[in-house]
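K.L.:
Chain by chain, the residues run as shown.
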Amino acid sequence: MTAPDPRDELVDHLPALRAFAMSLTRNRATADDMMQDTVLKAWSNIDKFTPGTNMRAWLFTILRNNFYTSRRKLNREVADVDDVMSGQLSVKPEHDGRLQMMDFKVAFNQLPDEQREALILVGASGFSYEDAGEMCGVATGTMKSRVNRGRAKLTQLLKLEDDDTLELTDQATMAVVSGSGFATK
Amino acid sequence: MAGQDDPKKAKIAKYIDENLKQVFSDLEGDEMPTQITDLLAVLRAQDDERKTKK
Chain A
1 MTAPDPRDEL VDHLPALRAF AMSLTRNRAT ADDMMQDTVL KAWSNIDKFT PGTNMRAWLF
61 TILRNNFYTS RRKLNREVAD VDDVMSGQLS VKPEHDGRLQ MMDFKVAFNQ LPDEQREALI
121 LVGASGFSYE DAGEMCGVAT GTMKSRVNRG RAKLTQLLKL EDDDTLELTD QATMAVVSGS
181 GFATK
Chain B
1 MAGQDDPKKA KIAKYIDENL KQVFSDLEGD EMPTQITDLL AVLRAQDDER KTKK
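Residue numbers (my numbering), protein chains in the order written: chain A, 1 to 185; chain B, 1 to 54.
This is chain A alone, in the form it adopts within the complex (with noise of 0.2 Å):
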């Protein structure tokens, strides 16, 4: 019997490779570029991965130091926004899911490129602390940090003090989530 071929796990990743992408560059032509050259180098560097260890750590790793890299040489960060994530931030929350979701993705792209990496590392994808700061190369202690900082951010920016008001967002996200249409309830 043959061992698996880890390039067929890695075919099951590229769905969230592409999501980090899109969250880490804000723009859809440079995630795809970004994914392009990470899937490249991972395919013909697949002989470097462990098996039995995370591929989707390894694979976002490669993105990630792609795209820091190519950040370096353009001396410049990427600031233009798809259609997708772009929108108007309203300057009171509306008791709508999907005009809360629009606010939150807009407030998250406001956010600077360590502490966006750390959220969606940590919050969306569901790493730990260590295993999220090994990935970008910093302390456990500095990801905490980025994560705390982002959280933060995102909380001032969607005046999420006011108790009031994060239970609507709240009843309106889970409407969102669930599918169930806040209008319903």
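Some clues are possibly wrong.
[Unchecked claim] With a cut-off of at most 16 Å between alpha-carbon atoms, the simulated EDC-like pairs for lysine to aspartate or glutamate come out as follows:
1. A/K144 - A/E161
2. B/K14 - A/E161
3. B/K9 - A/D162
4. A/K41 - B/E49
[Unchecked claim] Far from chain A, some chain B residues (derived; all Cβ distances over 12 Å):
5. E49
6. T52
7. K53
[Unchecked claim] Just the calculated beta-carbon pair ranges, DEER-fashion:
8. A/R72 - B/E49: 52 to 58 Å
9. A/A3 - B/G29: 29 to 35 Å
10. B/P7 - A/P51: 39 to 45 Å
Simulated from the structure, these hints should not be mistaken for laboratory data. These figures come from a predicted structure and were not determined experimentally. We put the CB at the ideal spot given by N, CA and C, even for glycine.
Using the hints provided, position chain B relative to the given structure of chain A.
P.N.:
Chain B alone, transformed into the frame defined by chain A:
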């Protein structure tokens, strides 16, 4: 004060993480761009060719 602030902070963190997961999940659901599927097809074909030559 801290006792009142901590649950609020935890609630905000939970709200943020739920939104992050939703944003990430939406992006994961996007169709894979053809440049990536084409690249995979080329890489697989190259591998197959290499294997048959061995």
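K.L.:
Among all the numbered hints in the text so far, which are the ones the structure does not match?
P.N.:
Result: hints 1, 4 and 8 break, sorted rising.
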